[in-house]
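Chains as they are written, first to last, in my numbering: chain A, 11 to 339; chain B, 11 to 339.
Hints are computed from structural coordinates only; laboratory data are not their basis.
Any given hint might turn out to be false.
You can't tell identical chains apart in this list, so a pair holds if it fits in one copy or across any two.
[Unchecked claim] In the DMTMM-like style, the derived pairs of lysine to aspartate or glutamate whose C-alpha atoms are separated by at most 20 Å in a straight line are:
1. 12 to 213
2. 324 to 253
3. 285 to 17
4. 324 to 136
5. 285 to 39
6. 285 to 213
7. 101 to 177
8. 209 to 327
9. 12 to 217
10. 209 to 131
11. 209 to 293
12. 324 to 35
13. 209 to 244
2 protein chains.
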Amino acid sequence: MKKLINDPATVLADSLVGVAAAHPELRVDHENRIVYRGTPTRAGKVAIVSGGGSGHEPLHGGFVGLGMLDAAISGEVFTSPTPDQVEAATKGADGGAGVLHIVKNYTGDVMNFEMAAELSEGVNVETVVTNDDVAVEDSTWTAGRRGVGVTVLLEKIVGAAAEEGLDLQAVAALARRVNDSGRSMGMALTSCTVPAAGKPTFEIPDDMMEMGVGIHGEPGRHRVPMAAASSVAEQLVAPILADLDFTGGPNIVMLNGMGGTPLIELYLMFGEVKKLLDAAGVEVARTLVGNYITSLDMAGCSVTILKADDEILKFWDAPVNTPGLRWGI
Amino acid sequence: MKKLINDPATVLADSLVGVAAAHPELRVDHENRIVYRGTPTRAGKVAIVSGGGSGHEPLHGGFVGLGMLDAAISGEVFTSPTPDQVEAATKGADGGAGVLHIVKNYTGDVMNFEMAAELSEGVNVETVVTNDDVAVEDSTWTAGRRGVGVTVLLEKIVGAAAEEGLDLQAVAALARRVNDSGRSMGMALTSCTVPAAGKPTFEIPDDMMEMGVGIHGEPGRHRVPMAAASSVAEQLVAPILADLDFTGGPNIVMLNGMGGTPLIELYLMFGEVKKLLDAAGVEVARTLVGNYITSLDMAGCSVTILKADDEILKFWDAPVNTPGLRWGI
């Protein structure tokens, strides 16, 4: 295992020290592994809180800031944060107008956020569970589909809605609508290596790739021979388009890297995806290409398509000022 | 070789198709492999033009846009663009107030940009050659020090200066001052793999790392045993601080990823670097953590420190709107 770390046991804690040092505009609760905005949630604004296992950076800590999250909780690598951690973030972020929990559909996350919501007496909590991954119906760590790339787009969109002053019910309804409108699928060329494990999560031959891989290296749909980028794009896009009709309106399309794939390949993949969407009559109104929801050092990528409308595009275009996404400010 | 590509021969062309598809606000000259802003350089503004071999993305094409570059020319992977390409970009970007060429110090780049400047009759061209890498005094591809991370910071700073209306001489003088004020050093855990070669550029044992590596996988100062992140940080920071005095004023510090290293490790490394700078009395006024000047899929990182002052910080903070760096807009 070749990693820039001090000790597998302190990766998360040490990384949060770096986040605090690099971003004095944020506030890091090192004990509870929570990243907050530098200033408390303003009275009357719904607080947007998300979190999960670490190893997916910039998700979620890198999306804290104006126009996106109020707080993000990190569990150990690929491990759900505890109910106590989530409770602390929920109470810490609440500005009196309630808190939206954005939870990726993994059993541990769903359970611990639910317990935290119950523990957070006096705070109104609504929850959206993202489950946009079309690859598998149930998986190693989920009942139902896994929550992946749509989570990034959803955090941006509902973050802007909360900033504009929508109340908790309206923000939660928008969040569920966004989740219902998005689909993703990913693939891996290589495994990731969890620091505490010290070896790759899975073995994969040099001439094979894993289609539909999960963001923790969980098995996908099937292993197939290495193929040209154009074929990889087709194998990712076809299942997404088969699952939901994206024609007839604008869409937001993300080509996401898994952490170990360079940008030159991600742009190349985006070009292939765009050709397929053009051919299918799917309008691409907004794009995002880069590493946004990663799997440590895994090489690979994922495609996310989100049906949009004027409201969703307005919130997408609204100002955002976070380490991972920044525009309009 | 596991890469998301169609054919090693078309990686650059295919990737530029993706850049054009993802960024309709930019204009891509596919024949000459030039990325321009969507609108021509406004009359009277100095045009900032850079380029070099591809494989270092987002450098340089990802830094085209308001407040940074007017045009970026891509050579094949790790190969200088030709004089003809650079000439086309120079003439294409000129708005009548002249063009600044920002060239990383590699023999092919320096020669081809120089020839292009001579070929670009009727265009006033000034050139800055960056040479901030303290690792080696001469290298595989250079006489003198290599140009690396400072190039990113310099493109941002002089881009803002040109936007503010400084004339060509003033922009060029600022560029040389920025280059003289910055130092970098990098390291690699793994080699990169050039698509056309199909195998890693160099072999390195599982228990060793290359300190002072170049951004094309050129040899650095020495190979040393794998060590904790705190030790890696010290081995990068000490040679930089030994080369230039960074005390007594504000500095901009970049912790850059080589392309295959995930953000959780880059932040962890930044935390270690910050501790060393604090101990050395080096003030960190601005920070940048992420993949900005990469080496394809190489795992590793580099540190860049730039002595700043009020003028440099003003230009650093000024609005920028590019795929790779965006704020204030």
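Each hint tested on the structure:
1. 12 to 213: Close inside one copy (17 Å) and across copies (14 Å); limit 20 Å.
2. 324 to 253: neither (26 Å within a copy, 49 Å between copies)
3. 285 to 17: between (44 Å within a copy, 17 Å between copies)
4. 324 to 136: neither (23 Å within a copy, 43 Å between copies)
5. 285 to 39: between (45 Å within a copy, 19 Å between copies)
6. 285 to 213: Classified as neither: same-chain Cα gap 32 Å, cross-chain 37 Å, threshold 20 Å.
7. 101 to 177: Within. Shortest intra-copy distance 18 Å satisfies the 20 Å Cα cut-off; inter-copy 54 Å does not.
8. 209 to 327: neither (41 Å within a copy, 42 Å between copies)
9. 12 to 217: between (23 Å within a copy, 8 Å between copies)
10. 209 to 131: The answer is neither: 42 Å in one copy and 58 Å across copies each exceed 20 Å.
11. 209 to 293: Intra 42 Å, inter 38 Å, cutoff 20 Å: neither.
12. 324 to 35: between (26 Å within a copy, 18 Å between copies)
13. 209 to 244: For residue 209 and residue 244, the Cα distance exceeds 20 Å both inside one copy (31 Å) and across copies (26 Å).
Violated hints, in rising order: 2, 4, 6, 8, 10, 11, 13; the structure is consistent with all others.
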